[in-house]
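Can you make the complete structure from the sequences, with help from the hints?
Quick note, the sequences are listed as chains U and G, same order.
Here the first sequence is numbered in this note's numbering, starting from 1 and rising by one per residue.
Here the second sequence is numbered in this note's numbering, starting from 1001 and rising by one per residue.
The hints are simulated quantities; they were obtained by calculation from the structure and are not laboratory data.
Among these hints, one or two may not hold up.
What the hints assert, rightly or not - A few chain U residues that face chain G, going by a derived Cβ cut-off under 7 Å, partial list only:
| no. | residue |
| --- | --- |
| 1 | Ile74 |
| 2 | Thr78 |
| 3 | Pro79 |
| 4 | Val82 |
| 5 | Arg83 |
| 6 | Ser88 |
| 7 | Glu91 |
| 8 | Arg94 |
| 9 | Phe96 |
| 10 | Ala97 |
| 11 | Met107 |
| 12 | Phe110 |
Even for Gly, the Cβ is constructed at its ideal location relative to N, Cα and C.
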Amino acid sequence: MTASTPEPLLALSGVNTFYGQAQVHFDLSITVARGHIVCLLGGNASGKSTTMKIILGLVKPRSGDVTFDGASLIGLTTPQIVRRGIASVPEARRLFADMSVRENILMGAFVRNDRDAVAQDLERMLTLFPKLGQRLSQRAGSLSGGEQQMVAMARALMSRPRMIVMDEPTMGLSPLYVDRVLELIRTINQEGVSVFMVEQNASLALEIAHEAYVLQTGKIVLSGPARALKDDPRVRDAYLGGSEAA
Amino acid sequence: MPSWSFARASSRSGTASRPDPTAGAGAPAAFLSTRGSSVSSWLDYTINGLIVGNVYALVAVGLALIFGVSRLINFAQGSIYLVGAYIGWVAVVQLHTPLPLTIIVVAAAAAIVGLIIERFGLRPLQNSVRIAPLLATIGISFVLDQLVMLTFSPNPRALPSQLPDVRFQVGGGTIGPLDLLIAGVGLTSALLLFVFLRYSKLGWAVRAASQDRDAAMQMGVDVNRVNQAVFGIAAALGGVSGMLVGMYYNQIDTAMSLQATLKGVVAEVVGGAGNVPGAVIGSLLLGLVESYGVAVFGTSYRNLFAFLLLVVVLVLRPNGLFASARQAPPEPLTGTFIAPSRPVRIPRWALAVAAAIFAILPFFPVSFYVLQTLINAWLLGMLALSLTLVAGTMGQVSLGHAALLAIGAYTSALLSLTLNVPVGLAVIGGGLMSAALGTLLISPSFRLRGHYVSIATLAIGEIVSLVILNWESVTRGPIGISGIPPLSLFGYDLISPSSIYWFSFVVMAVLALLQGRLLTSHLGRSFRAIRDDDIAARAYGLSLNRYKSLAFIFGGFAAGVSGGIAAHLYSYINHETFNTQQSILALTVVILGGLGNVVGAIVGAVALVGLPEVFRIAAEYRILIYGIVLLLLVRFRPQGLLGTI
Ligand SMILES: Nc1ncnc2c1ncn2[C@@H]1O[C@H](COP(=O)(O)OP(=O)(O)OP(=O)(O)O)[C@@H](O)[C@H]1O
Ligand SMILES: [Mg+2]
Chain U
1 MTASTPEPLL ALSGVNTFYG QAQVHFDLSI TVARGHIVCL LGGNASGKST
51 TMKIILGLVK PRSGDVTFDG ASLIGLTTPQ IVRRGIASVP EARRLFADMS
101 VRENILMGAF VRNDRDAVAQ DLERMLTLFP KLGQRLSQRA GSLSGGEQQM
151 VAMARALMSR PRMIVMDEPT MGLSPLYVDR VLELIRTINQ EGVSVFMVEQ
201 NASLALEIAH EAYVLQTGKI VLSGPARALK DDPRVRDAYL GGSEAA
Chain G
1001 MPSWSFARAS SRSGTASRPD PTAGAGAPAA FLSTRGSSVS SWLDYTINGL
1051 IVGNVYALVA VGLALIFGVS RLINFAQGSI YLVGAYIGWV AVVQLHTPLP
1101 LTIIVVAAAA AIVGLIIERF GLRPLQNSVR IAPLLATIGI SFVLDQLVML
1151 TFSPNPRALP SQLPDVRFQV GGGTIGPLDL LIAGVGLTSA LLLFVFLRYS
1201 KLGWAVRAAS QDRDAAMQMG VDVNRVNQAV FGIAAALGGV SGMLVGMYYN
1251 QIDTAMSLQA TLKGVVAEVV GGAGNVPGAV IGSLLLGLVE SYGVAVFGTS
1301 YRNLFAFLLL VVVLVLRPNG LFASARQAPP EPLTGTFIAP SRPVRIPRWA
1351 LAVAAAIFAI LPFFPVSFYV LQTLINAWLL GMLALSLTLV AGTMGQVSLG
1401 HAALLAIGAY TSALLSLTLN VPVGLAVIGG GLMSAALGTL LISPSFRLRG
1451 HYVSIATLAI GEIVSLVILN WESVTRGPIG ISGIPPLSLF GYDLISPSSI
1501 YWFSFVVMAV LALLQGRLLT SHLGRSFRAI RDDDIAARAY GLSLNRYKSL
1551 AFIFGGFAAG VSGGIAAHLY SYINHETFNT QQSILALTVV ILGGLGNVVG
1601 AIVGAVALVG LPEVFRIAAE YRILIYGIVL LLLVRFRPQG LLGTI
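Now the structure itself:
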C-alpha cells in the first residue's frame, strides 16, 4: 500500500510508539524516496509530530525500525542522527530566541567544521531568503512568524542535509508567506534535498508533495502518489475524520 | 572607625578571626552593631559590598549556567566552594604554592569535582522525575561537606592570602590588595566567560541549549557535553570563589558551604534564574544590600537582608529582576515533580499490631537508650508527617521545615516560662502558632511552583532563624532560652523515659491517624488534584490558595507540636537548634518512606533515626550516611520504601 521506490532514503517500518501507557503509533510504515517530497497528513493529535520525533531520535519507538540510507537509526542519539544528514524545522519553529538571526542560522552549521564553506553558505541563504539580510543582527525572538519560519528553514539548510524533516511549516502564516514557504520547499527539493513534511493543510501539501500518507489516530489509513490522493474523496473523509477525533 | 571595618581589618592581620562573610548568623560579631555613617565609612561599605558581590557572582554565575542548561538549581555549588577553599589551604599552607599557581590548582581541582558530580551524580538521572536531580545535588552536598569535615576536622583554619597587608586610600575609603585581587578575578572570569559564550563553538552550544534544549539537539549539539562544560566551569568559578573568601577573612570552615549555596541561589534568582549577566548584577546588588544593611543594623542582620531580598523578588517578580516575559516558564507542572507509583498496601491489622507492640514496649526491659532513640524517632516522625503532607500530598517541596519546629518550640517554651501556661497547653499553643505563623509566612510563595517553592521555603526557614536571633526582647537572641520546664500533663511532670515515650508516641499516632483520614477525604483528593495538575484543578474551581493554606495549617500544627515537645525535652533551645540540616533530614525521611505516605513517614523516621544507632555509627558519619541514602533513593527507588500516594 506504500508508494515505494526501490531504494528509499528514509524508511520507518512497523513502528509502535507509546507515551507511558498510551499508544501513539500503531505499526507505522513510511518510506521517503531519494529526492522526493513526502507529506504526512493528519488531524490534531494523530501522532504527526511524534513521527518527526521518532525520526530525529527525540522519542524512542517501543518496536519497529527506522533506517536512513540503509542504516538503522535506532539507538543513535539526536546529534548523531543529525550528523548523518537529517536536518529539521521543528513545530512552531523553535528558534533560539535570544540569539541573533545570524547566530541562529550559523547554529544550523553546528555539525560542520569547514568555516569558509559555512560562510559561503550563509551568503547563499541570504540570496535564498533576501529579507533576512537586514535582520541578521536582530534578536530572533523579535521577528514575525513568517520571518522566523524563514530563519528556521535557513538554519536547517546550513548543515547541508540530505534530508529535511519539517513539522507544519505553514502553520500560523499569512497566505503570502504560505506560498513563499511552499515555493522554497520546492526549491530546496530541486537542489537535491529530500523532504519529509508533516501538514494539516492537505490541499496545500499535496500541491508540492510527490507522495503522501494520511495518519489517523496513529495508523496510516491511506497513502500513495500525491496526484492520485488529491482527487481521492477518501482523503477528505479520512482527513476530516482525524480532525473530528481530536 | 565602625566596628565592622575593624573586624574586617583585624582579621586580615590574623589576630582575630571572622567566620565566612556569608555566615553572619551566630558569628561573634553578632553582638557588634554599627551606626556610624560618615562619608568615608559609607564608601568602605560600598567597596565591601561590591567585593563581596564579586564573590557571590563567582558562585551565582555557575548556578545560572547550570540552571540555563538543565533547569536545575545546583545545591552542591556551595560544597564545591568549600572544597575550593580547602584545596586552596592545602596548596598555600602545605605545598607553599605561589598565588597564581594556587588559583590555577584550585580552579582545576574544583572543575574535576564538578565533572564528577555531573557524570556520576546527575547524568544517570536524566530521565527521572524533575525533582530527582535537585534532591541529588542536596545529597551530594551533604556527602562533600562531610568528607571535607572528616578529612580536615570541623575546626576553622587560617588561609593566608600571601598578599602584603597594606591598604590604600581611595577617595574617603580604603582598599587592599586582596580587594583588588577579588575584583580582578571577578572581572577576568566575566570577560573569559563572555568570550567563551560569544565566540567559541561550545559556548554557542551552551547558549543554544539553555534557550531550547530540544532544538539545540536537533542542530547536533550534544547536551551531555554541554552539561559537562557548564558543570566544569561552574565548579572552577565556585572553587576559586571559596578560596578567595577564605583568604579575605583568613579563615575557612565547613559551615561555609550551605551559606554560599544560599547566597548564590539568592543572587541568581534575584537576577533571573538562568540569566548569566543577571546573576552578576544580582550578586552585586546582594553584596551592596547586605553591606548597607550591616552598616545600619549590624552584622547579625546580614543574612536577613539577603533572604528578605529574595522573598521580595520572588513575590514581586518570580522570574527575577532581569527575566523577560518571553522566556518560557522554567517549571513544568507540579505533577511531573513526584515519582508516580503504586503504594505498598499494608493491612490494617498489621498496623494495629505494630502500634500495639510499640505502645507496650516500655513494659519490657528495654534500655533507656532504646526508648530515647524511639522518642527521637517519634518527634522526627511528626515533622515527617507534616512534610509528607506538604511536599508529597500537596507537591510543595519545602526545604525550610525546621522553621516550623522552631516556631512551635519557642512558642511553647515562652508560653510556659513567661506566662506559666501548663506545658500540655503550651505545646498545643506551639502547634497552633506554627500552623498560623507558618502558613502566613509561606503564603506569599503560594503562586510559585516547583524549584521556586523549595527556594522560597529555604529562605523563609532562614528568615525565621534570623528573626529569632535578632528579636532579642522576645526570643532572648543568641543566648537562647534555658530552663524550659519539663513535659507535664494535668499537673504531673513527665520525667521518666517511658512516660515521655508514651506521650510522644500517642501524640504522633493521633496525628498520623488524623492525617490518614484526611488523605482519604474529599479534601485529600483535592490536595492531590492540585499537586498533579494545578491548572486543571483551578479550572474545576478549586482555590489553590485555600487548599495550600489548609495543607500548611495542618502540617504546621504537627511540626509545631513536635518542636514544642522537643523544647521541653531539651530544656534549652536557641536559634540554631532547629536548622536546615534538620529540614533536609526530614525530607530524606519523607522520600525514604514515599512522598505523601503517612505510614512511610513514620517508617522512614524510625529507619533513619534507628539504623545508625543499631549499627553504632559514630555521630560524625551520620550526615554522610543520610546524604548517601538520599542519593541512592533518588537513583534507585525515587518512590521510596512504601511508595508515593
Ligand atoms: N511528551 C508527551 N507525553 C505524553 N503524551 C504526548 C507527548 N507528546 C504528545 N503526546 C500525545 O500523543 C498524541 C500525539 O501527539 P502529536 O504531537 O504527535 O500529535 P500531532 O499529530 O502532531 O498533533 P498536532 O496537530 O496538534 O500537532 C497526542 O494525543 C498527544 O497528547
Ligand atoms: Mg504536531
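Structure versus earlier hints - violations, ascending order: 1, 7
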